[in-house]
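Work the whole structure out from these sequences, hints included.
Once you know that position 78 of the sequence shown is 358 in the numbering used here, the rest is easy, because the numbers rise by one and skip nothing.
Keep in mind the hints are simulated off the structure, nothing from the lab.
It is possible that some hints are incorrect.
Said to hold, decoys possible - Derived Cβ-Cβ restraints for the label pairs, each shown as a range:
{"hint": "1", "residue 1": "433", "residue 2": "518", "range": "35 to 43 Å"}
{"hint": "2", "residue 1": "339", "residue 2": "546", "range": "46 to 54 Å"}
{"hint": "3", "residue 1": "311", "residue 2": "357", "range": "53 to 61 Å"}
Every residue, glycine too, gets a C-beta built ideally from N, C-alpha and C.
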Amino acid sequence: MDTNKVLLCLMAIVVLMGADFALANSGIGVSAITVPSADVTLSFIQPGRVAKISVKEGDKVTPGQLLMRLDDAAELARLSQIKAQSQDTTKIEGAEASLAQKENYLKKLEWAQKRGSVTELEVADAQLEVTIAKLSLRIAIFEHEQDKRSYQEAQIRVGNMSLKSPIDGTVEKIEVEVGESINGLVGTIRVVKTDPLWIDVPMPLTKAKNLKSGQTVTVNFPGLGTASQKGRIIFVATAADAASATLRVRVEVPNKSSRLSGEQVTVGF
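Here it is in structure tokens:
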């Protein structure tokens, strides 16, 4: 009886070892952590006073949605002034009229010169006046183009006083309050995208060399038991980690159930 028990125990150990060996060689059981597929912290490029915060933490946002705005009253007033200047063509019209008048006068002098009524010097003076009028017109056109460029720059400055979401995602953190004065390039609001999730898997070099972008993988989340979810490889690194002899493989997995990022999952290849 004791001999039979020993044999049964040995057989059980062999079966378990065989299962572990198969598990290790199947590629299943690579643990990694999920991260957002996008994680951006936004800041203004110039200092100012926060005039409006259009969202709150936890809100879902879409690309282009207004998140926050600085006090832009002075910039809007300047924009209105520069816009009026950029649309004003009075100087060009005046220069064109002056040139036309001087060209007409020159023609009359040239006609009179042929009949000996005016001197060559008078004609030369009139020709110089025409040349000066042409230059004045060119200057007026150049200044008008400069005014239009100044208007475009002013529009950009006003635009820079608003923060808009660059992605679909969730407002994770708001660092400032309405009325607060802030410096430029200081993080004010964080937006993350967790659908899909990304998983950076440290794959052993022996297995990673056969992996390619687009391949399907399985992802087991905590609490789902044996159930798994399909994902796909979106990136295979080209530089290995020499210390661990692994290669970073990025997996993308849908997250319609809004699972939190930062979970430890098991990825099967």
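Outcome of the hint check:
1. Under the hint 35 to 43 Å, the C-beta atoms of residue 433 and residue 518, about 42 Å apart, fit the expected range.
2. For the hinted restraint 46 to 54 Å between residue 339 and residue 546, the CB-CB distance of approximately 32 Å leaves it violated.
3. Our hint of 53 to 61 Å for residue 311 and residue 357 holds, since their Cβ atoms are close to 58 Å apart.
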